[in-house]
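Peer 1: Spelled out, the chains give:
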Amino acid sequence: MKALILVGGFGTRLRPLTLSVPKPLVEFANKPMILHQIEALKAVGVTEVILAINYQPEVVLNFLKEFEAKLGITISCSQEKEPLGTAGPLALARDKLIDGSGEPFFVLNSDVICEYPFKEMFEFHKGHGGEASIMVTKVDEPSKYGVVVMEETTGKVDKFVEKPKLFVGNKINAGIYLLNPSVLNRIELKPTSIEKEIFPKIAAEEKLYAMVLPGFWMDIGQPRDYIEGLRLYLDALRKKSSTKLATGPHIVGNVLVHESAKIGEGCLIGPDVAIGPGCVVEAGVRLSRCTVMRGVRIKQHTCISSSIIGWHSTVGQWARVENMTILGEDVHVCDEIYSNGGVILPHKEIKSSILKPEIVM
Amino acid sequence: MEISEQKVVAVIMVGGPTKGTRFRPLSFNTPKPLFPLAGQPMVHHPISACKRISNLAQIFLIGFFEEREFTLYVSSISNELKIPVRYLKEDKPRGSAGGLYYFRNIIMEDNPSHIFLLNCDVCCSFPLTNMLEAHKRYGGMGTVLVSAETANQFGELVADPITKELLHYTEKPETFVSDLINCGLYIFTPDIFTAIQEVSTHREDQANLRHLSTFEALQSPTRAFPLDFVRLDQDILSPFAGKKQLYTYETMDFWEQIKTPGMSLKCSGLYLSQFRFTSPDLLAGGDGTRSALIVGDVYVHPSAKVHPTAKIGPNVSISANVRVGAGARLINCIVLDDVEVQENAVVINSIVGWKSSIGKWSRVQADGDYNAKLGITILGEAVMVEDEVVVINSIVLPSKTLNLSVQDEIIL
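In order, the protein sequence lines correspond to chains Y and E.
Note that the working numbering gives residue 17 to position 17 of the first sequence, counting from 1, and the numbers run on in steps of one.
Counting from 1 along the second sequence, just add 361 to a position and that's the residue number in the working numbering.
None of these hints come from the bench; they were simulated from the model.
Cβ atoms here follow ideal geometry from the backbone N, Cα and C, with glycine treated the same way.
Hints may contain errors.
Taking lysine to aspartate or glutamate pairs in the EDC-like style, the calculated list, with each CA pair at most 20 Å apart, reads [unchecked claim]:
id: 1; chain 1: E; residue 1: K605; chain 2: E; residue 2: E742
id: 2; chain 1: E; residue 1: K734; chain 2: Y; residue 2: E358
id: 3; chain 1: Y; residue 1: K356; chain 2: E; residue 2: E770
id: 4; chain 1: E; residue 1: K761; chain 2: Y; residue 2: E80
id: 5; chain 1: E; residue 1: K450; chain 2: E; residue 2: E470
id: 6; chain 1: E; residue 1: K620; chain 2: Y; residue 2: E82
id: 7; chain 1: E; residue 1: K761; chain 2: Y; residue 2: E358
id: 8; chain 1: Y; residue 1: K207; chain 2: Y; residue 2: D219
id: 9; chain 1: Y; residue 1: K81; chain 2: E; residue 2: D699
id: 10; chain 1: Y; residue 1: K81; chain 2: E; residue 2: E742
id: 11; chain 1: E; residue 1: K716; chain 2: Y; residue 2: E82
id: 12; chain 1: E; residue 1: K716; chain 2: Y; residue 2: E80
id: 13; chain 1: Y; residue 1: K144; chain 2: Y; residue 2: E195
Partial chain E-side listing against chain Y, Cβ under 10 Å, derived [claimed, not checked]:
id: 14; residue: P378
id: 15; residue: P386
id: 16; residue: F554
id: 17; residue: K721
id: 18; residue: P759
id: 19; residue: L765
Here chain Y stands alone, though its shape is the one from the complex:
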């Protein structure tokens, strides 16, 4: 079985992190974003993954080579010469997706993190016998998104409504599809929107069905949602009583600590923290709701919350870093500095406090 992951372009919403690393390779919960999806696809029997990718495909493919061997799965790229929207990339990858077997293929939006219930989705798809299945997820504020209006019992999709002003439903497109190869006949090789042009046609023919995603869902393509997504992800690990979560007197709530990271005396770590490989967290440090990437050193007595600390950065002693501070790669925050929402581009030194959210170039 095959899968297409829509990786897209430059990941500009996740800058400054994506100034150093292409988005699919940015780690989430200590594992590159795309690997979460590829591993889940492998687990359901997918043998070939195609990445629809426009930016630095060589870098991503190169990185994934070792996982091709380890996981026993083929990974290839389909590169757009011009933007093709959300459906066009499927037409571009047509030859790779169709192998004559008639099997449906998965399509995933690369920013989506969830429990990837692909097996259940496959069963659902076979059950209704329609042409296409989409995952939907329940949200509190459906008007911010496109709402999928469907029959509650069968899941048959009635229509899509973009940013509805009146309440029409609370399920939105979760960015995961399972499509029969015949869907490709509906998509021309030109900029096309799957939600606005393709799915509505299939729904009109009563061949589109939606499954409500069990468990958590988040689009982690921007920092605020990335941090919230980590909370949801770690919470799901807790529910499964995962041994991956850290334990100890200095841990509170759900925390992931890479085995090669070192944590000093008198620290309080958590809730909702991920600490990457090779990190050094010195004594007396408080971390909450944050991600610390590979190779970071956090010096003594510092307090960090709701922030992302980029690869190989350092945070000085007695610093206070909070409120969506994002440090790019190789950023050095001096001792005693306060950062309130500073967004710092790579290779910078922060020598004076940032009192209000600000981008430092």
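With chain Y held as given, fit chain E onto it using these hints.
Peer 2: Same frame as chain Y, now just chain E:
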């Protein structure tokens, strides 16, 4: 060898990537020395000025960018000017004088009698021939180009008003010392290498005397540097001032340092107005009939296409393969390669990055304060400004599409 046949060489310090965060976001796509001002790479301006000196044997560019960044430029400029231009990559930071010293054997290949040392990010009229004459009259080891200006900074140098000798030098003074500033342009005799050597040796002796390891020396309050890290200002100009070795030559013309994108726009304008006197054929002309109406000093690359109903200038520089549509208006801006400016768009006080697109009736502008953080609007590479969108006093990083108007913002 007769005095009139003595050769001269020029060394241009171009810096390197780790020092360049002030030139972001433009530095994401090009090394600062190659960023175009008035249609030519920044480093081209000091290089062409050096070409005017008689008996110039070679030009060296010293920096720590990767060699491949300069290969193409260096070979094409060598061919064009018929003079060897070479890029020498420093293996590690050695300071402004240390780098010069490190390459002394190559620099002295042709046994030059004088060595010009220029900083690439200096924008001025490069009065090199007159400065060399003055230097020979003074008979010292070095002559520094100076300018009287107190607008942005305190002067660092004190010079004798009659003999022009450099009497005193202070780096980054915080109180008033003088109104003369160091323009970052020097002429030296080969004695400079001995002087730099002396500094290193002296430092080594000091370290030995105090039995300091290099590590300890770095930690001490006096912050001694590694032995081979020699700074021109503090380590040469300062100690040698007042010893009848160093002199000054004052320029009355414009002088600026190009540290930020805003300043690059200002300096592009200064060079364009200089072209009016030195190379008027480089400037564009047009009256709106068969070609676009040109106001003031404007450079248009031969491959660019500008619609006759557009109005361009003053102070506009248009690079290769740019297309400017009907009814567009460009004022005080740099438009980089492959940009498309669509019909009736307006661009004022801005820099439009390579391959960007400015939509119909859209407006990209800024207040024009070259020193303010958001005083010039900068669009990075491949930024798409959609039709009718307004972008004011903002910086947009590469590959963004703006479908909503923005003001006073940095868009990552």
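Peer 1: Let's test the interface hint: is any C-beta of chain Y closer than 10 Å to that of P386(E)?
Peer 2: holds, 7 Å
Peer 1: Would you check whether L765(E) satisfies its interface hint, that is, whether its CB is within less than 10 Å of any CB in chain Y?
Peer 2: Cβ of L765(E) sits 15 Å from chain Y, so the hint is violated.
Peer 1: Given the hint that K716(E) pairs with E80(Y), test it: the Cα-Cα distance must not exceed 20 Å.
Peer 2: Distance of about 17 Å is within 20 Å: holds.
Peer 1: Given a cut of 10 Å on the nearest C-beta pair, is the interface hint for P759(E) held or broken against chain Y?
Peer 2: Holds: closest Cβ of chain Y sits about 8 Å from P759(E), inside 10 Å.
Peer 1: Holds or violated: K605(E) with E742(E), Cα cutoff 20 Å?
Peer 2: Not OK: K605(E) and E742(E) at ~51 Å, beyond 20 Å, violated.
Peer 1: Next pair to validate is K761(E) with E358(Y); report whether the Cα-Cα distance is within 20 Å.
Peer 2: With a Cα-Cα distance of about 19 Å, the restraint between K761(E) and E358(Y) holds, given a limit of 20 Å.
Peer 1: Does D219(Y) lie within 20 Å of K207(Y) when you go C-alpha to C-alpha?
Peer 2: violated, 27 Å
Peer 1: Taken at face value, is the distance from the CA of E82(Y) to the CA of K716(E) at most 20 Å?
Peer 2: The hint holds at about 13 Å.
Peer 1: Are the Cα atoms of K620(E) and E82(Y) separated by 20 Å or less?
Peer 2: With a Cα-Cα distance of about 35 Å, the restraint between K620(E) and E82(Y) is violated, given a limit of 20 Å.
Peer 1: Tell me if the straight-line CA distance from K356(Y) to E770(E) falls inside 20 Å.
Peer 2: holds, 14 Å
Peer 1: For a C-alpha distance cap of 20 Å, please report whether K761(E) and E80(Y) respect it.
Peer 2: The given pair, whose Cα atoms are some 17 Å apart, holds under the 20 Å limit.
Peer 1: Would the pair K81(Y) and D699(E) pass a check requiring their Cα atoms to be no farther apart than 20 Å?
Peer 2: Within the cut-off at roughly 17 Å; holds.
When each numbered hint is compared with the structure, violations occur for hints 1, 6, 8, 16, 17 and 19.
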